[in-house]
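There are 2 protein chains.
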Amino acid sequence: MAKAPKNAISPTREADYPEWYQQVIKAADLAEVSPVRGCMVIKPWGWGIWENMQKVLDGMFKDTGHENAYFPLFIPMSFLEKEAEHVEGFAKECAVVTHHRLEPGPDGGLVPAGKLDEPLIVRPTSETIIGAMYAKWVQSYRDLPILINQWANVVRWELRTRMFLRTAEFLWQEGHTAHATKEEALFETRQMLDVYADFAENYMAMPVIKGEKPSWERFPGADMTVSIEAMMQDRKALQAGTSHFLGQNFSKAQEIKFQSAEGTEEFAWTTSWGVSTRLVGGLIMTHSDDDGLVVPPRLAPKHVVILPIYRSDEEKAAVLAFCDDLEAKLKAQSYDGAPVRVIMDDRDLRGGEKTWYHIKRGVPIRVEVGPRDVASGSVFVGRRDQTPKDKQGIPVDQFVSEVAATLTEIQNGLFEKAKKLREDNSRKIDSLEELKKWFTPKSDDKPEIHGGFAHVHCADVKEVEEELKKLKLTARCIPVDGDEEPGKCLFTGQEVSRRMVIAKAY
Amino acid sequence: MAKAPKNAISPTREADYPEWYQQVIKAADLAEVSPVRGCMVIKPWGWGIWENMQKVLDGMFKDTGHENAYFPLFIPMSFLEKEAEHVEGFAKECAVVTHHRLEPGPDGGLVPAGKLDEPLIVRPTSETIIGAMYAKWVQSYRDLPILINQWANVVRWELRTRMFLRTAEFLWQEGHTAHATKEEALFETRQMLDVYADFAENYMAMPVIKGEKPSWERFPGADMTVSIEAMMQDRKALQAGTSHFLGQNFSKAQEIKFQSAEGTEEFAWTTSWGVSTRLVGGLIMTHSDDDGLVVPPRLAPKHVVILPIYRSDEEKAAVLAFCDDLEAKLKAQSYDGAPVRVIMDDRDLRGGEKTWYHIKRGVPIRVEVGPRDVASGSVFVGRRDQTPKDKQGIPVDQFVSEVAATLTEIQNGLFEKAKKLREDNSRKIDSLEELKKWFTPKSDDKPEIHGGFAHVHCADVKEVEEELKKLKLTARCIPVDGDEEPGKCLFTGQEVSRRMVIAKAY
Numbered sequence: 001m002a003k004a005p006k007n008a009i010s011p012t013r014e015a016d017y018p019e020w021y022q023q024v025i026k027a028a029d030l031a032e033v034s035p036v037r038g039c040m041v042i043k044p045w046g047w048g049i050w051e052n053m054q055k056v057l058d059g060m061f062k063d064t065g066h067e068n069a070y071f072p073l074f075i076p077m078s079f080l081e082k083e084a085e086h087v088e089g090f091a092k093e094c095a096v097v098t099h100h101r102l103e104p105g106p107d108g109g110l111v112p113a114g115k116l117d118e119p120l121i122v123r124p125t126s127e128t129i130i131g132a133m134y135a136k137w138v139q140s141y142r143d144l145p146i147l148i149n150q151w152a153n154v155v156r157w158e159l160r161t162r163m164f165l166r167t168a169e170f171l172w173q174e175g176h177t178a179h180a181t182k183e184e185a186l187f188e189t190r191q192m193l194d195v196y197a198d199f200a201e202n203y204m205a206m207p208v209i210k211g212e213k214p215s216w217e218r219f220p221g222a223d224m225t226v227s228i229e230a231m232m233q234d235r236k237a238l239q240a241g242t243s244h245f246l247g248q249n250f251s252k253a254q255e256i257k258f259q260s261a262e263g264t265e266e267f268a269w270t271t272s273w274g275v276s277t278r279l280v281g282g283l284i285m286t287h288s289d290d291d292g293l294v295v296p297p298r299l300a301p302k303h304v305v306i307l308p309i310y311r312s313d314e315e316k317a318a319v320l321a322f323c324d325d326l327e328a329k330l331k332a333q334s335y336d337g338a339p340v341r342v343i344m345d346d347r348d349l350r351g352g353e354k355t356w357y358h359i360k361r362g363v364p365i366r367v368e369v370g371p372r373d374v375a376s377g378s379v380f381v382g383r384r385d386q387t388p389k390d391k392q393g394i395p396v397d398q399f400v401s402e403v404a405a406t407l408t409e410i411q412n413g414l415f416e417k418a419k420k421l422r423e424d425n426s427r428k429i430d431s432l433e434e435l436k437k438w439f440t441p442k443s444d445d446k447p448e449i450h451g452g453f454a455h456v457h458c459a460d461v462k463e464v465e466e467e468l469k470k471l472k473l474t475a476r477c478i479p480v481d482g483d484e485e486p487g488k489c490l491f492t493g494q495e496v497s498r499r500m501v502i503a504k505a506y
Numbered sequence: 001m002a003k004a005p006k007n008a009i010s011p012t013r014e015a016d017y018p019e020w021y022q023q024v025i026k027a028a029d030l031a032e033v034s035p036v037r038g039c040m041v042i043k044p045w046g047w048g049i050w051e052n053m054q055k056v057l058d059g060m061f062k063d064t065g066h067e068n069a070y071f072p073l074f075i076p077m078s079f080l081e082k083e084a085e086h087v088e089g090f091a092k093e094c095a096v097v098t099h100h101r102l103e104p105g106p107d108g109g110l111v112p113a114g115k116l117d118e119p120l121i122v123r124p125t126s127e128t129i130i131g132a133m134y135a136k137w138v139q140s141y142r143d144l145p146i147l148i149n150q151w152a153n154v155v156r157w158e159l160r161t162r163m164f165l166r167t168a169e170f171l172w173q174e175g176h177t178a179h180a181t182k183e184e185a186l187f188e189t190r191q192m193l194d195v196y197a198d199f200a201e202n203y204m205a206m207p208v209i210k211g212e213k214p215s216w217e218r219f220p221g222a223d224m225t226v227s228i229e230a231m232m233q234d235r236k237a238l239q240a241g242t243s244h245f246l247g248q249n250f251s252k253a254q255e256i257k258f259q260s261a262e263g264t265e266e267f268a269w270t271t272s273w274g275v276s277t278r279l280v281g282g283l284i285m286t287h288s289d290d291d292g293l294v295v296p297p298r299l300a301p302k303h304v305v306i307l308p309i310y311r312s313d314e315e316k317a318a319v320l321a322f323c324d325d326l327e328a329k330l331k332a333q334s335y336d337g338a339p340v341r342v343i344m345d346d347r348d349l350r351g352g353e354k355t356w357y358h359i360k361r362g363v364p365i366r367v368e369v370g371p372r373d374v375a376s377g378s379v380f381v382g383r384r385d386q387t388p389k390d391k392q393g394i395p396v397d398q399f400v401s402e403v404a405a406t407l408t409e410i411q412n413g414l415f416e417k418a419k420k421l422r423e424d425n426s427r428k429i430d431s432l433e434e435l436k437k438w439f440t441p442k443s444d445d446k447p448e449i450h451g452g453f454a455h456v457h458c459a460d461v462k463e464v465e466e467e468l469k470k471l472k473l474t475a476r477c478i479p480v481d482g483d484e485e486p487g488k489c490l491f492t493g494q495e496v497s498r499r500m501v502i503a504k505a506y
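Just so you know, the sequences run in chain order Y and F. All residue numbers for the first sequence refer to this note's numbering, where the first residue is 1 and numbers rise by one. All residue numbers for the second sequence refer to this note's numbering, where the first residue is 1 and numbers rise by one.
Calculated from the structure, these hints are not laboratory results. None of these values were measured; they are calculated from a predicted model. Note that the Cβ used here is the ideal one computed from N, Cα and C, for glycine as well. Check the hints yourself; a few may be wrong.
If the Cβ cut is set under 10 Å, some of the chain F residues that face chain Y in the computed set are [said to hold, decoys possible]:
| # | residue |
| --- | --- |
| 1 | GLU67 |
| 2 | GLY109 |
| 3 | VAL400 |
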């Protein structure tokens with residue numbers, strides 16, 4: 001076996017967290033920068049995680065009564081202009097299609113030709129184009145609610161991009177619903193927040209705080225935005241999903257009107273909600289370690305990798321026969337309502353190289369099988385949530401019968417570990433001095449490591465937004481769970497009923 | 001019950017086939033024209049069919065060793081220019097992004113701003129951007145083959161659009177593979193053609209001819225294009241899927257090079273293959289009738305709709321209890337490897353209206369349950385492949401136990417019917433006079449109804465392309481199955497070894 005490196009990923013999290021993140025993505029072969037500015041290529045292993053996320057979320061959306069549909073990639077510029085705050089929010093960073101063909105230019109190359117009468121915007125989000133259709137579809141209260149989701153790509157021309165977390169093109173789902181009453185729309189907004197929290201905690205093993213955004217952090221055009229916020233291992237916050245109560249703002253801008261049961265004409269109440277490939281970034285930063293990616297079993301493209309080890313043709317025959325049998329037995333086991341996902345890696349590589357390959361990719365369970373294991377009817381098992389050296393010999397039948405329970409244990413363990421990190425790095429803060437201290441880097445050479453989440457009384461006013469900006473801090477949300485806890489705003493002295501989560505953020 | 005209309009769709013297929021097609025889409029609520037030129041909105045019922053298509057095809061791709069990945073929406077203009085035939089094929093109809101933000105203009109509205117150094121093309125297909133990545137990934141023969149598929153949206157600025165069949169934006173999958181040898185790439189090209197034919201015939205119940213395109217019908221930049229061709233009910237051909245052997249054209253343009261086992265530097269051999277939302281159009285035109293959509297059960301979003309019928313609250317309680325029980329029993333049945341998909345429609349609509357709603361949407365089996373059925377323990381069953389009047393009383397247990405077999409019978413029956421139509425409207429033709437006669441409309445007021453497919457000896461030369469153009473006919477393909485049958489080209493007299501399928505086409 002090749003000599004095991006001290007750590008598979010260099011630099012470590014402690015040495016340089018942002019660079020560690022890029023290196024984990026590279027080592028696990030999740031994604032790559034593309035030649036198109038700000039756009040990434042999602043490679044098969046990264047796509048496999050996103051595909052599993054989509055499958056689970058899609059089921060959750062359907063279970064809550066939503067259907068999928070598909071709307072155009074392009075939005076006429078005039079549509080975007082209809083809602084004032086909305087266009088303000090997106091005009092500064094959007095891809096604009098102005099021509100519809102290419103022609104030979106004066107110097108031999110091609111030049112854009114066929115100028116469009118009206119420029120088209122590559123959707124940064126689809127409220128305006130979907131709303132235009134809803135205005136046609138909704139006549140009577142009987143046509144409501146409309147509960148539709150779409151899986152799509154969107155483009156926001158971000159200047160500073162980072163794989164999965166912030167890319168010019170990203171993939172997401174966007175739910176868009178229209179309701180007859182404010183109460184229904186509020187229920188929907190909150191219901192989808194709960195769906196996202198359920199997914200984050202129970203599938204991604206990523207604990208989240210559900211809360212309401214202060215006004216300055218709202219989606220452009222929304223009356224209320226709620227979000228789930230997670231703590232990454234560098235104590236920074238990641239907004240992982242948002243759900244917006246749009247009130248009647250978009251329905252008024254787009255004339256989504258209906259005749260009520262009483263015969264009056266009313267504007268519909270709308271919502272929108274979305275999560276994106278950013279979740280893959282959150283998953284990476286929540287669980288991975290200095291040996292590479294760690295994937296929670298419920299979302300892992302593969303649960304178990306079988307690694308046959310042999311030196312002669314004779315050994316090979318016996319080992320492979322044993323491994324084939326093991327693979328079949330594992331696939332016959334059920335985990336999370338489906339067969340256990342197994343791969344066998346019989347590539348002609350040195351054992352150590354192969355083992356590290358799968359450690360770096362975060363496969364939850366590795367099973368090594370050599371001639372001696374075949375003879376004794378046992379396997380050598382390594383778990384991704386334990387150090388690479390912690391391998392254990394187990395009778396093969398026991399391993400197979402316990403595999404689902406082991407995966408559940410890994411899944412739960414990852415959640416508990418992440419939750420503990422958040423709890424250890426969160427505190428209530430009641431003075432400005434204490435707040436500044438909390439966010440001071442622990443030492444000069446580790447500028448990333450600061451306190452974590454601060455739970456602070458803050459008023460939802462402009463002055464607080466500005467003060468936080470000066471401190472290079474962001475308001476994450478006002479948690480919706482738990483009891484009220486009135487107190488005075490740290491900046492303005494105003495009385496508020498709940499604390500707000502303040503953090504550095506992605 | 002409302003009086004049944006003579007036909008739910010007006011006009012009928014015979015009266016006006018193209019308009020009938022639009023009306024079926026409308027009546028079944030599959031899709032709608034959007035405010036964005038040439039782009040459609042795919043509504044939930046239409047999306048449900050596409051979703052099922054995706055699921056099956058995705059499984060087939062994985063079973064043949066492919067993985068999914070995702071590449072950028074945008075292609076830098078210079079990438080498109082690298083392969084001469086390719087750019088020639090796509091430059092005339094592409095969406096060009098030239099700016100990356102919007103600014104207030106002189107007259108108050110917005111204008112594009114932030115001009116890009118290099119225009120970006122919204123992908124019409126992704127050979128060039130994917131090839132650029134493969135060039136980075138492939139160094140040695142050990143890195144081959146690369147077997148990747150992506151599910152994506154693409155844009156081709158078509159002037160004349162038609163829902164599903166030809167739209168500016170459409171959804172598709174595009175497989176892109178790279179191989180060390182010509183033989184492997186040819187095998188892949190042909191393998192994916194077989195996958196597409198298997199899907200078309202066994203899931204869509206749409207018989208297809210597998211064949212090779214003559215040179216002038218090839219994909220821009222390909223050495224060989226093979227396709228599946230289906231006959232619609234108006235006797236016209238629909239190209240339903242294509243698989244391209246790209247030789248070394250793209251690998252040379254993009255430098256996808258590798259070191260062989262012998263140490264020499266070689267260019268990779270590449271393929272690409274795709275099917276799109278056009279398949280939904282093919283499905284509609286193959287099976288639907290003058291009462292609306294007919295969906296083959298294997299792709300139907302729902303297999304069975306239960307329609308409770310009652311007049312009083314007392315009847316309602318008994319009927320709904322019976323229906324709930326029936327729904328549970330049906331869902332416990334397995335069809336095509338998964339539970340039977342059932343909906344109950346208890347909306348407050350007149351019985352006839354509700355029944356026709358589901359007929360028009362093509363649900364394979366309708367079950368009506370009234371108080372008398374509850375008393376006798378039977379149900380009233382209508383099949384979408386029979387006329388609306390052909391309803392049958394069946395004991396409920398028998399219906400449930402036979403439901404999977406009935407769905408299979410419907411699926412097979414649709415295939416046989418479509419196959420018979422094609423056979424009845426195909427013939428070998430050996431003279432130019434006969435060919436012209438074959439494609440002459442049967443009567444002046446039905447310009448669409450002509451002979452169908454003509455199997456003709458044609459040489460793969462420019463002259464034939466031009467002569468067919470004059471006759472307003474198209475060369476579909478040279479079928480690859482069956483024995484050779486040498487003969488003289490109808491237009492040039494050259495000896496060719498196989499007949500070519502000639503047809504009017506979509």
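>> Interface hint check: GLY109(F), Cβ to nearest Cβ on chain Y, cutoff 10 Å. Holds or violated?
In response: 7 Å, holds
>> Would the hint on GLU67(F) be counted as holding, given a Cβ-Cβ threshold of 10 Å to chain Y?
In response: 4 Å, holds
> Minimum Cβ distance from VAL400(F) to chain Y below 10 Å?
Replying inline: At 24 Å from the nearest chain Y Cβ, VAL400(F) fails the 10 Å test, so the hint is violated.
Checked against the numbered hints given earlier, this structure breaks only hint 3.
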